[in-house]
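Asks: Line by line, the protein sequences are chains A and B.
Under my numbering, the residues of the first sequence are numbered 1 to 243, in order.
Under my numbering, the residues of the second sequence are numbered 1 to 329, in order.
Each hint can be trusted.
Chain A residues, not near chain B, derived (Cβ > 12 angstroms throughout):
| hint | residue |
| --- | --- |
| 1 | F14 |
| 2 | N24 |
| 3 | D57 |
| 4 | N65 |
| 5 | H129 |
| 6 | T176 |
| 7 | S192 |
| 8 | L203 |
| 9 | A218 |
| 10 | G225 |
| 11 | M231 |
Examples of chain B residues lying across from chain A (beta carbon under 8 angstroms, computed):
| hint | residue |
| --- | --- |
| 12 | A188 |
| 13 | S194 |
| 14 | A195 |
| 15 | A196 |
| 16 | G200 |
| 17 | V201 |
| 18 | P202 |
Everything labelled a hint here was simulated from the structure, so no lab data went into it.
Only a predicted model underlies this, so the values are computations on that prediction, with no experimental measurement involved.
Ideal Cβ positions, reconstructed from N, Cα and C, are used throughout, including at glycine.
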Amino acid sequence: MTTLLRVETLTKRFGGFTALSDVNLNVAKGERLGLIGPNGSGKTTLINCISGVVQIDQGAIAFENKDISTLAAYKRAKKGIARTFQIPRPFHSMSVIENLMVPLEYIVHGLVDVSNRNAVHAEASELLHRMRLSDRTNAPAGQLSQVELRKLELARAVAARPRLLVCDEAMAGLATKEVHEILDILMELNASGITIIMVEHILQAVMRFSQRIVCLTAGRIISDGAPADVMANPEVRRAYLGS
Amino acid sequence: MRNNSTSFWAFALALPILGFVLPKVGLNEYYFYVAYVVLQYVVLATAWNILGGYAGYVNFGTGAFFGLGAYTALVAMKAFGAPLFVQIAAAAIVGALLGIGAGLLTLRLKGIFFSIATIAAAIVIETFILNWRFVGGASGMQVIRPEVPLGFETYTRLLFFVMTILTVLAIIVARYIEKSWVGRGLHALRDAESAAECSGVPTLRLKLLACAISGALMAAAGAPFPLYTSFIEPHSTFSLNYSVMALSMAVVGGMSRWWGPVLGAILIASTQQLAASASPELHLLVVGLLMVLFVIVAPDGLVGLVQWARKMVGPGRKEVELARGSERA
Ligand SMILES: Nc1ncnc2c1ncn2[C@@H]1O[C@H](COP(=O)(O)OP(=O)(O)OP(=O)(O)O)[C@@H](O)[C@H]1O
Ligand SMILES: [Mg+2]
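Sequences are here, hints too, so could you generate the full structure?
Replies: Structure, rendered in structure tokens:
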């Protein structure tokens, strides 16, 4: 098994507050990893460290065996790391398809000139179809519903043709049917070769999705293993499930 | 699309030609005196919008760039006897450098903090000029004008022509940015900076580029100022007025399209010229009222109104019907 992402002894502080301490994590190529933990345990912060939105204080992050610890976020995106945001952050002044044009232009195709604009458009349309978002192709992103926003987050991340996709609560606030829809999409993406880290509070979804689960509590990894084992861990049950 | 583009380039060619011909066929000097100011504001508002409108970084330092451009031109003229186009080029380069420098120092600041930092930058530069004897310090200095080049009768007429060129340049640059990858990147980072960055947009570089271009154009707009007024003095040259004007013109015109600030500048600068002859206070009141009116009634400015009007009448509906027709066929 080849390692795609390696996080070593990572520590992240905000002022005097330690949000992550001594986090070690390996993610294998093709893996579906569930990342769980109570509110404020540092899940989003870990995603921010991996995607480069915040700088780490100690430790190292390697992607495809190259150190990326100090790389700017946009360079990590170009190397193949994509993410979604817990609270969707669409480019609200653009239409849905224009949102996808940004990563397509800046990462995949280079600067799009008129000659290959149609091809890029076709790729974006195809992607929207896969995300079950075709009917909103030209809608302003500012006018989407909650579930559509979640899909747009995913579509924009996937448009970058990532090798690692990190989803921050892609299903929060959705109805059961919608949760399953997003889960299906994530499974398809994984089947197409994308490694996925999924942060999620909906345990059913995590259990269905994950081949492996990591549990964070107060910035530390307290359990890392097969889903059933992690769920059976008394420390996890106490910290996360409150029982 | 093609039609639009053709008429744009026709306009871009026609304006400087008119700018060259009109001053030579007589006409009252006063028109050129006023039109120069209006065009100067078109350049300033257009330049302001590249950073403020496209990227969403509200710059209150327009006066600093304008003033720096004017004083750079003055120094180039006084120390090296540089001709006008060299003065303008020098001003643009210094303006771009100031843009990059100010950007590096302040772009990490968000929202209101960025705006405050730009005011501070303006004050620092003005203070520097205030204490520089070579350019007249606080009391300013008389500008000795060489003979008018290119066969124009007066400097006002020549500078009107020069300003038509700067206007066209500024508009071409803004339009290019808006339609290119630069504009899409700026829009993305304005809407959601971290999401843009994670979509591969080099946000800091793009913002610095926008600062440099915006700064270069603002300084270029200030470069002919010493020759225009023939007397230069720091207080009015570095005035906060330029910042307020550029911003209100972009807001009233609409910040999403390149022609928004152009319309806004023409509207506000013309009313200013009309009202100012009555009283300067009246003009401030008019600008203030316009701002309030637009922010409340038409937050997308004249651009928004035009787009709304287009939707309400003719062509939009026809297109829909045509599309339906072709579907049936
Ligand atoms: N930029 C920041 N500045 C200061 N503190 C921060 C910052 N970002 C996160 N924190 C703190 O770090 C801790 C971890 O936050 P984080 O958002 O990573 O938690 P989380 O596990 O994602 O929680 P949730 O399940 O609620 O999304 C919290 O206490 C939070 O207040
Ligand atoms: Mg979170």
